[in-house]
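Visitor: Numbering (this note's numbering), first residue to last: -19 to 251.
None of these hints come from the bench; they were simulated from the model.
Beta carbons: idealized from backbone N, C-alpha and C, even for Gly.
Among the hints, a few may not be true.
Said to hold, decoys possible - Listed next, the in silico DSSO-like pairs over lysine-lysine satisfying Cα-Cα at most 30 Å (straight line): (1) Lys128 <-> Lys246; (2) Lys135 <-> Lys246; (3) Lys173 <-> Lys135; (4) Lys215 <-> Lys128.
Stated by the list, open to error - Listed next, with one range per pair, are the computed distances between beta-carbon atoms: (5) Arg70 <-> Gly233: 19 to 25 Å; (6) Ala45 <-> Pro249: 38 to 44 Å; (7) Ala218 <-> Pro120: 21 to 27 Å.
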Amino acid sequence: MEDISRNLIRSGLLLAGVLAVTAMPGPALAQKGNFPARPVRLIVPFPPGGSTDFNARAIAEAFSARLGQQIVIDNRSGASGTIGTGIVARSAPDGYTLLLHTVPFITSPILNSSAGYDPLADFAPISLLSNVPMVISVHPSVPVRSVKELIALAKARPGELNYGSAGIGTNSHITGELFNLLGATGIVPIHFKGGGPALAAVVSGEVHVAFSNVSQTARMVAANRLRPLAVSSLKPSAGLPGIPPVAEVGLPGFEFVAWHGMLAPKDTPPT
-19 MEDISRNLIR SGLLLAGVLA VTAMPGPALA QKGNFPARPV RLIVPFPPGG
31 STDFNARAIA EAFSARLGQQ IVIDNRSGAS GTIGTGIVAR SAPDGYTLLL
81 HTVPFITSPI LNSSAGYDPL ADFAPISLLS NVPMVISVHP SVPVRSVKEL
131 IALAKARPGE LNYGSAGIGT NSHITGELFN LLGATGIVPI HFKGGGPALA
181 AVVSGEVHVA FSNVSQTARM VAANRLRPLA VSSLKPSAGL PGIPPVAEVG
231 LPGFEFVAWH GMLAPKDTPP T
């Protein structure tokens, strides 16, 4: 587990920012004066209910109003996002098929040689849209109220606690394995087909721990269906005021912030 965790953290934390740092924002989006002449398809490579889907729907509403054409959300989930991403990579570079993605856009090809795309060679970046921390939370039945208590419980019950993952190499998986690595906890990942199903499993009590996006988690916290322990950023999040950073309450040096970005197929002409 330690070797797997170290490989995952290395790929996730060192390379997850490559796109944001070296490629975004970029010049691509359809170029003609009459664009868009028909609806634009925005592919989300995860199922409805997760943070990427949440961001896509908010963006689609704003873009539709501005462009005067509908932005159609097309959820193409599976294989940690590689199925939907591959569809965009193979689409015509005309600006009518776009991709909204997050960290697995970079990590999936590193962890899976059959991902079927090259994140830098096969896409034209449009914009970095957001940087959002993850939240460590638990189902209310889990008898902990702090990061230190969660670490202690996991060590006292090795292999018994689990956490919901949106898939191998996803934001929740990287955050969970970083927690395991720095806390020496061994909380077991349960992989789902997206962040929405993973969080729903924690809310229902099927799974113990969540490493989920602030936008997803805040609604469940407000409804008293999750107990938040900490955020993964170095500073508190405005989305969950009063919740401390992990680095300040049990795991010094802990930091992970998820990005969301929009991309087009390679060779999409500049604006």
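Visitor: Give a verdict on every hint.
Guide: How the hints compare with the structure:
1. Lys128 <-> Lys246: Since the Cα atoms of Lys128 and Lys246 sit roughly 46 Å apart, the hinted pair is violated (cutoff 30 Å).
2. Lys135 <-> Lys246: Outside the cut-off at roughly 47 Å; violated.
3. Lys173 <-> Lys135: OK: Lys173 and Lys135 at ~28 Å, within 30 Å.
4. Lys215 <-> Lys128: holds (18 Å)
5. Arg70 <-> Gly233: 19 to 25 Å: violated (40 Å)
6. Ala45 <-> Pro249: 38 to 44 Å: About 24 Å separates the Cβ atoms of Ala45 and Pro249, which means 38 to 44 Å is violated.
7. Ala218 <-> Pro120: 21 to 27 Å: holds (24 Å)
Comparing the model with each earlier hint shows violations of hints 1, 2, 5 and 6; every other hint is respected.
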